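Student: All chains should be built: construct the whole structure from the sequences, respecting the hints.
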Amino acid sequence: MSRLVKKSPSLCVDLPLDNTDVCNKLRLLRQLMTSCYGPTGKLKLVHNNIGGHVVTTSTSSVLLAAISSSQPLVNLIKTSVLNHVSRFSDCGLFAACLCLDLIEQAKQSGLRGNVCIGLNRHFLAVCVSYLQREDCCCKVKLDFCSSHNLIALARSVISSKPACLLTEQETLHISKLAVQAFLLTLPCDKPGTVSLGQTVTICVEGHSVLNSAVFPGLLVDVTGVLCVNKSDNLSSHRMLLFSASLAGDIPELGEGIIEVSSGVDTDARILDQLLDLGKQAVEDDVKLFVCQKVIHPVLQHYLRSRGVIVIERLGITLMEPLILLTGAHPVATLHTSLQPKAYGKVRDLSIRQFGSKTLLHLLPHGESAICTMILCHRNETMLSELKLVCQKTEHVLRLTLREPYALFGGGCTETHLAAYVRHKCTDGVTESAAVLGCSESEYLLGMDRFCSSLESVAKSLEHNGGNSLIDLTHAHNWTVHADVMNRCVEG
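In the numbering used here, the protein residues as written are 814 to 1304.
Quick caveat, the hints were computed from the structure, so don't treat them as lab data. Predicted model only: the values in this text are computed from it and were never measured. One should not assume that every hint holds.
Straight-line C-alpha distance at most 20 Å; calculated PhoX-like pairs for lysine-lysine [unchecked claim]:
#	residue 1	residue 2
1	LYS1237	LYS952
2	LYS1272	LYS855
3	LYS1170	LYS1158
Ranges between beta-carbon positions, derived for each pair [unchecked claim]:
#	residue 1	residue 2	range
4	ARG1191	ALA965	34 to 44 Å
5	ARG1191	ASN1280	29 to 39 Å
6	THR1036	LYS1092	56 to 66 Å
7	PHE901	HIS961	16 to 26 Å
8	ARG934	LYS855	25 to 35 Å
9	THR980	LYS1237	39 to 49 Å
10	HIS961	ALA1145	18 to 28 Å
11	VAL1107	GLN945	17 to 27 Å
12	THR1243	PRO829	28 to 38 Å
13	LYS1092	ALA1145	37 to 47 Å
14	THR1036	GLN921	49 to 59 Å
15	HIS961	GLU1096	50 to 60 Å
16	ASP831	SER881	22 to 32 Å
Cβ coordinates follow ideal geometry from the N, Cα and C atoms, glycine included.
Tutor: Next comes the structure, spelled out in structure tokens:
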């Protein structure tokens, strides 16, 4: 059979930076990233060229996922930054800005590609080695005995996302909630290997950010489901969790045998088996009956008529938190009798109302590191950005458990590292150049370009026409706003 469409040429090309079109696209991507960088970064409205959903964001993970390019080099950089964000949940814009600036500096320097790569790796290793030292001057140790340091760290992450449109009061409120949720996921007095808990986030649109709250335990959306009176407070009851569908549909029954006599309705036989499960649950004093998927309406009616709270369509996302909270073992088939180990326990059940959402609040019978964060905001776009930044904040706080340090913000870390590299690498130029296989002039040029890239990232924090100044004594970065006089006013 002949080829219907002519085979396109290979996209594998040599020396892509010699291509003007590629360089222009990299420059455009750099401008896009730097304009979003920092607390005063500009928002971006992204949609494809034929319309569709418009994305409003300044967050690297959302922005890079929303844009596409036909250039393999651009896609390689985009994928690398997204991988960095998926691992560390922070500094995606920093990584993108530094990477793209290093590429541009390498192009302008005229250095050979292999020499430039070797030099950048060398200077990066110098930076990493310095940051890991105890006497590093651009990092501070976090004191977990005080919540103020944790709140300040959380606030630095949250305030860096202008698309959240938070006031100072709202930023502080969300920062405190993020720290509270983080602390609730830390297990107490647990011997052996410690596993961190989980924070479940529920979004409520159309309400003030100050209505946001954190609760220990798990809140499940039961809006539109009459499950329990709001005045009820039920304590210490068994619960049962199904991961299999209880809708009664034959394709979803799973493995097992259903014996049906000739002339007997198959659907009726399956329903009888479902009701048998329900009867056993009632006899075993189950108060909460939960299914990841759909529950047959007749089974729902039977259970509710006997005082059992029924929740269906829980979804895969809440399965793990519910298992950790209750200790239940999910039942994966209806072709078995219910075993004692399948049951879980909850200490309290109560109803909470947030806007139009009705939530069932489950508290654990024993200790559990599960909590729920209710996030409120004025519209969907702000709420989506706020949810994302809270998840990133939680991840950053968790990383401090391994390394309890925070770096200076405001561009000071970048300018300090640039000053350190210049000071450290100026000594022993001859030996270092020989080891790296380059000349002394190439070594010094590469060092200057690497440090210029770090300083360029620091300058990217200013978006309103101001000037970035570097303190030559301590290598701190200072921003002078455009409306500040920069000349003598004596006349």
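Student: If a hint holds in the structure, say so; if it doesn't, say that too.
Tutor: Consistency of the hints with the structure:
1. LYS1237 x LYS952: Roughly 18 Å separates the two Cα atoms, so the pair holds.
2. LYS1272 x LYS855: Between LYS1272 and LYS855 the Cα gap is close to 15 Å, so the pair holds against 20 Å.
3. LYS1170 x LYS1158: violated, 25 Å
4. ARG1191 x ALA965: 34 to 44 Å: violated, 26 Å
5. ARG1191 x ASN1280: 29 to 39 Å: holds, 35 Å
6. THR1036 x LYS1092: 56 to 66 Å: violated, 29 Å
7. PHE901 x HIS961: 16 to 26 Å: About 24 Å separates the Cβ atoms of PHE901 and HIS961, which means 16 to 26 Å holds.
8. ARG934 x LYS855: 25 to 35 Å: Holds, since ARG934 and LYS855 (Cβ atoms, about 33 Å apart) stay within the stated range.
9. THR980 x LYS1237: 39 to 49 Å: holds, 43 Å
10. HIS961 x ALA1145: 18 to 28 Å: violated, 47 Å
11. VAL1107 x GLN945: 17 to 27 Å: violated, 53 Å
12. THR1243 x PRO829: 28 to 38 Å: 34 Å Cβ-Cβ, so the 28 to 38 Å window holds.
13. LYS1092 x ALA1145: 37 to 47 Å: violated, 20 Å
14. THR1036 x GLN921: 49 to 59 Å: holds, 58 Å
15. HIS961 x GLU1096: 50 to 60 Å: For HIS961 and GLU1096 the Cβ distance comes to about 54 Å; the hint holds.
16. ASP831 x SER881: 22 to 32 Å: Cβ of ASP831 to Cβ of SER881: about 24 Å, so the range 22 to 32 Å holds.
Of the numbered hints given earlier, the model fails hints 3, 4, 6, 10, 11 and 13; all others are met.
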